[in-house]
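**Student:** Sequence:
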Amino acid sequence: MLEADGSPKRYDKENSIYDITEISSRNWVYIDPENNVMYWYVGHGYGGGFATMLDRNGSSKVAK
Numbered sequence: 002m003l004e005a006d007g008s009p010k011r012y013d014k015e016n017s018i019y020d021i022t023e024i025s026s027r028n029w030v031y032i033d034p035e036n037n038v039m040y041w042y043v044g045h046g047y048g049g050g051f052a053t054m055l056d057r058n059g060s061s062k063v064a065k
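Just so we're aligned, residue 2 is where the sequence shown starts under our numbering, counting upward by one.
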């Protein structure tokens, strides 16, 4: 996720469209409020990963 000038987008809690829950010190769940799709983020050092959470059928997991 990048800003218009190409720099990395930084999290701004006041203006974020996502509902974010910290699971542990390097794991977060993001929920998109428009469609309730859940995303998992894991960060460590200079690396990290962001992926859609899937249900047992391989479809996007939706928050209830």
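Hints are computed from structural coordinates only; laboratory data are not their basis. Predicted, not measured: the structure shown is a model, and the values here were computed from it. There could be a bad hint or two in this list.
What the hints assert, rightly or not - No more than 20 Å apart at the CA atoms, straight line, and that leaves these computed lysine to aspartate or glutamate pairs for EDC-like: (1) Lys65 / Asp20; (2) Lys65 / Glu35; (3) Lys62 / Asp33; (4) Lys62 / Glu35; (5) Lys62 / Asp20; (6) Lys65 / Asp33.
What the hints assert, rightly or not - FRET-style restraints, in silico, Cβ to Cβ: (7) Arg57 / Asp6: 32 to 42 Å; (8) Ser60 / Pro34: 14 to 24 Å; (9) Asp6 / Asn58: 14 to 24 Å; (10) Pro34 / Leu55: 38 to 48 Å; (11) Asp20 / Asp56: 13 to 23 Å; (12) Asn58 / Ser8: 17 to 27 Å; (13) Ser17 / Met54: 16 to 26 Å; (14) Gly7 / Tyr47: 10 to 20 Å; (15) Ala64 / Ser25: 30 to 40 Å; (16) Ser60 / Gly7: 12 to 22 Å; (17) Arg57 / Asp20: 17 to 27 Å; (18) Ala5 / Pro34: 32 to 42 Å.
All residues carry an ideal CB built from backbone N, CA and C; glycine is no exception.
**Student:** Quick one, are Lys62 and Asp20 close enough, alpha carbons at most 20 Å?
**Tutor:** Holds: Lys62 and Asp20 sit about 15 Å apart, inside 20 Å.
**Student:** Does 14 to 24 Å hold as the CB distance between Asp6 and Asn58, or does it fail?
**Tutor:** Given a distance of about 40 Å, which is not inside 14 to 24 Å, the answer is violated.
**Student:** Quick check on a hinted range of 32 to 42 Å for Ala5 and Pro34, using CB atoms only.
**Tutor:** Since Ala5 and Pro34 have Cβ atoms about 22 Å apart, the given range 32 to 42 Å is violated.
**Student:** Could you check the hint for me, namely that Gly7 and Tyr47 are 10 to 20 Å apart, CB to CB?
**Tutor:** 18 Å, holds
**Student:** With a cut-off of 20 Å on the C-alpha distance, tell me whether Lys62 and Asp33 pass.
**Tutor:** 11 Å, holds
**Student:** Taken at face value, is the distance from the CA of Asp33 to the CA of Lys65 at most 20 Å?
**Tutor:** Roughly 12 Å separates the two Cα atoms, so the pair holds.
**Student:** Could you grab the alpha-carbon distance between Lys65 and Glu35 and see if it respects the 20 Å cut-off?
**Tutor:** 13 Å, holds
**Student:** Against the range 16 to 26 Å, how does the distance between the Cβ atoms of Ser17 and Met54 compare: consistent or not?
**Tutor:** 18 Å, holds
**Student:** Return holds or violated for the Cβ distance of Asn58 and Ser8 against the range 17 to 27 Å.
**Tutor:** 38 Å, violated
**Student:** So the hint says 30 to 40 Å: do the beta-carbon atoms of Ala64 and Ser25 match that?
**Tutor:** The hinted range 30 to 40 Å is violated for Ala64 and Ser25, with Cβ atoms some 19 Å apart.
**Student:** Straight-line Cα separation of Lys62 and Glu35 no greater than 20 Å?
**Tutor:** 14 Å, holds
**Student:** Tell me if the beta carbons of Ser60 and Gly7 are separated by a distance inside 12 to 22 Å.
**Tutor:** 33 Å, violated
Hint compliance for this structure: hints 9, 10, 12, 15, 16, 18 are broken, all remaining hints hold.
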